[in-house]
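> Residue strings, one per chain:
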Amino acid sequence: GQSLEQPSEVTAVEGAIVQINCTYQTSGFYGLSWYQQHDGGAPTFLSYNGLDGLEETGRFSSFLSRSDSYGYLLLQELQMKDSASYFCAVEVGGSTLGRLYFGRGTQLTVWP
Amino acid sequence: NAGVTQTPKFRVLKTGQSMTLLCAQDMNHEYMYWYRQDPGMGLRLIHYSVGEGTTAKGEVPDGYNVSRLKKQNFLLGLESAAPSQTSVYFCASSYHPQAGVETQYFGPGTRLLVL
Numbered sequence: 001g002q003s004l005e006q007p008s009e010v011t012a013v014e015g016a017i018v019q020i021n022c023t024y025q026t027s028g029f030y031g032l033s034w035y036q037q038h039d040g041g042a043p044t045f046l047s048y049n050g051l052d053g054l055e056e057t058g059r060f061s062s063f064l065s066r067s068d069s070y071g072y073l074l075l076q077e078l079q080m081k082d083s084a085s086y087f088c089a090v091e092v093g094g095s096t097l098g099r100l101y102f103g104r105g106t107q108l109t110v111w112p
Numbered sequence: 001n002a003g004v005t006q007t008p009k010f011r012v013l014k015t016g017q018s019m020t021l022l023c024a025q026d027m028n029h030e031y032m033y034w035y036r037q038d039p040g041m042g043l044r045l046i047h048y049s050v051g052e053g054t055t056a057k058g059e060v061p062d063g064y065n066v067s068r069l070k071k072q073n074f075l076l077g078l079e080s081a082a083p084s085q086t087s088v089y090f091c092a093s094s095y096h097p098q099a100g101v102e103t104q105y106f107g108p109g110t111r112l113l114v115l
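Same order as they appear, the protein sequences are chains G and V.
Counting in the numbering used here, the first sequence runs from 1 upward without gaps.
Counting in the numbering used here, the second sequence runs from 1 upward without gaps.
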């Protein structure tokens, strides 16, 4: 089976930097994705790592270490609108390519 | 371009009743998915489809059935609703993963309450 661990809650102040970690145990690992979900809204795609290293998209960056089964999402210059839940999700290869297994989510609260 | 749409947005059922949730996408995506989201549980895959006429089970398929008769539509059925099926249901779609695009696009969700 697949299992993912991420912190349930993180708090930070506006302008700060926050890192949300995700560790996973899976067979046939293919890639790690991150999704954002505001209260009452739908998940939206943020980032994907298929290879080791850092992917940067504006204020958000995501990192993957396949050897450590570990990734993180880095949010810089935090804004109030970044308050949301963040989910890591692993994609497994083979016949189930395309399927995502989601973590339970990290609730980020940004304070003024 | 509406993206992924879901019908209805909200529904209340009594135990034992049946209903169908409709998901439609206008992005010509091959893959479609049905998830349920419960507090503290993240998103769990119910069923998915890798193309028109094909379906497969996900992590929590019991009590649900699906059909993909047209590429743009993916239906989720509850034959005999139970209170344990009270949840928020999300539909998602994506390009064929071998196309190298990994994004899943989600619909706005359907909130289902089973009494």
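Because the hints were derived from the structure by calculation, they are not lab data.
Honestly, I wouldn't trust all of these hints.
[Claimed, not checked] FRET-style restraints, in silico, Cβ to Cβ: (1) 16(V) / 26(G): 22 to 28 Å; (2) 20(V) / 65(G): 41 to 47 Å; (3) 70(V) / 65(G): 16 to 22 Å; (4) 16(V) / 68(G): 32 to 38 Å; (5) 3(V) / 39(G): 36 to 42 Å; (6) 51(G) / 39(V): 46 to 52 Å; (7) 93(G) / 17(V): 35 to 41 Å; (8) 61(V) / 28(G): 29 to 35 Å.
No experiment lies behind these values; they were computed from the predicted model shown.
For glycine and all other residues, C-beta sits at the position ideal for the given N, C-alpha and C.
> So, for every hint listed, does it hold in this structure?
To see whether the hints hold, each was checked on the structure:
The hint said 22 to 28 Å for the Cβ distance between residue 16(V) and residue 26(G), and at roughly 38 Å that hint is violated. The given range of 41 to 47 Å is respected by residue 20(V) and residue 65(G), whose C-beta atoms sit roughly 43 Å from each other. Range check, residue 70(V) to residue 65(G): about 42 Å between beta-carbon atoms, so the 16 to 22 Å window is missed. Checked against the given bound of 32 to 38 Å, the beta carbons of residue 16(V) and residue 68(G), roughly 49 Å apart, lie outside it.
Distance hint for residue 3(V) and residue 39(G): a CB-CB separation of about 20 Å, inconsistent with the stated range 36 to 42 Å. Evaluation of the 46 to 52 Å hint for residue 51(G) and residue 39(V) yields a failure: the beta carbon distance comes to about 34 Å. A hinted range of 35 to 41 Å for the beta carbons of residue 93(G) and residue 17(V) is consistent with their spacing of about 40 Å. Checked against the hint of 29 to 35 Å, the pair residue 61(V) and residue 28(G) fails, with Cβ atoms roughly 20 Å apart.
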